[in-house]
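K.L.:
Here's the letter readout for the chains.
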Amino acid sequence: MNSLVLASTAGNIVVWIVWIVAGFACLASAVAVISFSNPFYSALALIGNLASLAVLYLLLSAEFVAAAQVLVYAGAVVVMFLFVIAYVGPRREEPWSGGPSWKALGAVLAAGALLVEIVLAVSLAAGGSLGHDHTAGANFGSPAYIGQLFLTDHLLAFEITSIVLLIAAVGGVILGSHTKKAAA
Amino acid sequence: MNGPATTWYLALAAFLFGIGALGVLVRRNPLIVLLSLELMLNGGNLALIAFSRHFANGSGQIFGLAVMAVAAAEVCVGLGLVVAINRRNLALDVDRLSELRG
Amino acid sequence: MTYGSWICLLSPFVAAVLIMFGGTNLSRRVAAWIATTGVFVAFGGAIWAFLGVHAQPGQVGEYTRAWTWLQSGSFSVNLELLVDPLSTVMMLIVAGVGGLIVLYSIGYMDGDPEERRYFAYIAFFVFSMLMLVEGGNLLMLLVGWGLVGLSSYLLIGFWHEKPSAIQAAKKAFVMNAFGDATMALALFILIFHTQSLSFGALSAPLSGSTANWIALGLLGGAAAKSAQIPLHTWLPDAMEGPTPVSALIHAATMVTAGVYLIARTHAIFEQARTIELIAAGIGALTLLVAGFIALVQTDIKRVIAYSTMSQIGYMFLAVGVGGYANGMFHLMTHAFFKALLFMTAGLAIHALAGEQDIRNMRGLGKVMPFTKWCFLAGALALVGIPPFSGFFSKDPIIASTLNIGWYGYVFYACGLIGAFLTGLYTFRLWFLVFPGEPSPFVREHYHDHHGREGAWTMLVPVGVLAVLATVGGWIQWAPHWEPFTKWLEPVAPTLAAAVPTSTQETVTSILTVLVGAAGIALAWAIYAEKRVEIPAMPAAQRLLENKFYFDELYDRIFYAPAAAIANSLRTEIEEPVILQGGTDLGQTALDAGGAVRRIQTGVLRTYVFFLAAGAAVLVLAFLIAK
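Chains L, R and G, in that order, are what the protein sequence lines are.
Residue numbers for the first sequence follow this note's numbering, so the first one is 4 and each next one is one higher.
Residue numbers for the second sequence follow this note's numbering, so the first one is 3 and each next one is one higher.
Residue numbers for the third sequence follow this note's numbering, so the first one is 60 and each next one is one higher.
Rather than coming from a laboratory, the hints here were simulated on the basis of the structure.
C-beta: ideal position from N, C-alpha, C; glycine also.
Fair warning: there could be bad hints in the mix.
[Stated by the list, open to error] Some residues of chain G that are not near chain L, with every Cβ distance over 10 Å (derived):
id, residue
1, V73
2, W92
3, F258
4, A263
5, W533
6, P542
7, S561
8, E604
9, E631
10, T642
11, A674
12, A675
13, V678
14, L679
[Unchecked claim] Partial chain R-side listing against chain L, Cβ under 8 Å, derived:
id, residue
15, G22
16, L48
17, N88
18, L99
19, S100
When you get a sec, could you build the whole thing from the sequences and use the hints?
P.N.:
Written out as structure tokens, the structure is:
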């Protein structure tokens, strides 16, 4: 019994450490995304954010989602971003320059309020029901599990998502195509 | 479950969302806005996955995957827009791109 | 007999429909003959129905039902006709005299560009009138009543390029509509109390005031349709229509519908005796007023129109005191001689290319002898000189007033004075127009029709009616021989109070003839021999020429306030509120839109800011709610 408790406590401590590191990395990279003046650096910071999130997903027994996060988000979406940023060319923007305008102030306030409210809402209002975790099966979060859900309970979501992706691809092509007359 | 309780994950998700919202509100470069938008989406995703683990219900993860797919689609279209704007030699500044006004 | 009644009713309708759908594919001649044939076939049907009732033991007639028309709870109304002594008499008159007049129209309206429309209308009118008289319940009667009013409007305004004709048509229709409204109200009250519109419902025991209201409503309708005071002003103006229309509608048939109505619904009038006597009073008043006005008219058709009004006053007097058979008999003879008078006047007008002013027509008899003699026959019948038909029908009416009370004596006096006036104005007309040397106007404008005074289609009906005006009264000579009254007895028995003694009858007859002859003599003295001068009474002259100022009075009472209200509504309410309000509403919407438009700045960050702020507020509300 003691060894089990010790083992679980040790496991627990490891999880906590990983959590704190990943969480810190997540927030730091998020702040970096919105702070850099060079969009290239912002995109790179986003990669860090996504990676830390993947770690967090692993902690939450969502292996497939973590893998998908790295593959899709960090692998495809951010690469797309980098392509376009490179295409658009270098430009610098001073996000915090000129002192805090009333717009920026209002923005900070709004975001802060939103944040506080969400935290409060979640922790207070949902208090009782967040007491006990439910036990998850061994294959919870595995690809087989996800695949089974996708093809049985959530088949409609699966199909519709594929249609949305198709439409987005078509839209992207149309938007990016050369126009007949010269650019205005 | 080992480690922090679900509430911690939710708080982290909230922070992420807030930072993303701040970025959308403050930055003028549409590319950065889109990146901040990604942050917000990710914050939501984290909350989803956390709840999914909490209730041991796989639907949350499914939803998270769907959100990811939709986010990818949206980025595709958004970046297409940015490319089109750039091709017309307009300024990449959301404050200046205000012709759709009443 | 019931087949006869359906044929009688539907044949003119079929003719009207055929003409309507034939349109310009039919030649005008063909359309005219379709209408005429339709009405004569109706006459055949009427004879069949009459013979059927005659052969029936008891001779009460019967109902014939097509289907149930309305049904609502315990109230139901059938599409049915009633073939009984009263309706067969009316059917014969309407179809017979109508047929003759439609035949006459062929000659009269020849050459008119819209002849087909005329014949469609007139066939439709005959159908409506037949529906009125054949209707087996009050609703059918009302339907016929309304359609007859419509046909009258269409035919008065036939020459619609003439604004006076349009106005006259509107006037007739509006006044008739007033009568229709009172009649409808009476029917509503009847339904309310008896849940039925059959003729039998009128005999149901009703409280005194209920019966009074119903009878009053019916009287209103009758007075409007028959142009009795106070709803009489439309009849002289209705002379704007073609002369055959005046003959058919405004002499022989439609205007007598009121008399028929009272005879048919006599059960309720007997329950509301006061109203019945009011009807008699209205008749007496009208016959006097119309007689006086006719003395100064210069338009040949207007004289005859006022004469019609006066004679219908006699009929109202008759049915008002309870002598329904007397009224119906006078209706019949009046149809003969009044249609005759109109048609001969029409011959004169036609020959003089539309001239209607009698001051220009002196000496017409020399160039139109046939017309002269026919007119004379009609005039003598109208005045009531034996052996012409009017004598047999008018005297019993006057005599029947003697036994009903003190007002009976007043009616008696009115009847006699009316007879004097009838003689005077009728022969004023005759002496001014026919005898003597033709005036220069006549010499210049008279044109005959291939050597004759008119087409044969015009002369034959006039001749037939002249014969009927002469001998038509020989069917009854009260009190010695009364087949007509006996025929109507099963359905409209004369009230005991309206039966005079034979002494009274004889004395009245003699008096009436004397008085009528006195009128003729006076007319002869003034207008033919010029021995007597009309005394100058400018005030009276003006009063008569302005028709006792009824039109001006109605103008002041009804039209002017209505027009004032309408104008004030237009300037106070319609223009500022409705019209301007609509414009203002649109302007307000535009302004509001303009204000809202300013939110669309186009700047993305403003939108996002509002999004975030809104979301924050919502979550706050959610928190508070929890």
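K.L.:
A separate judgement is required for each hint: does it hold in the structure or not?
P.N.:
Hint check results:
no.: 1; hint: V73; in the structure: holds (69 Å)
no.: 2; hint: W92; in the structure: holds (77 Å)
no.: 3; hint: F258; in the structure: holds (75 Å)
no.: 4; hint: A263; in the structure: holds (75 Å)
no.: 5; hint: W533; in the structure: holds (101 Å)
no.: 6; hint: P542; in the structure: holds (96 Å)
no.: 7; hint: S561; in the structure: holds (107 Å)
no.: 8; hint: E604; in the structure: holds (88 Å)
no.: 9; hint: E631; in the structure: holds (53 Å)
no.: 10; hint: T642; in the structure: holds (41 Å)
no.: 11; hint: A674; in the structure: violated (6 Å)
no.: 12; hint: A675; in the structure: violated (5 Å)
no.: 13; hint: V678; in the structure: violated (4 Å)
no.: 14; hint: L679; in the structure: violated (6 Å)
no.: 15; hint: G22; in the structure: holds (7 Å)
no.: 16; hint: L48; in the structure: holds (6 Å)
no.: 17; hint: N88; in the structure: holds (5 Å)
no.: 18; hint: L99; in the structure: violated (14 Å)
no.: 19; hint: S100; in the structure: violated (14 Å)
The earlier numbered hints that this structure contradicts are 11, 12, 13, 14, 18 and 19.
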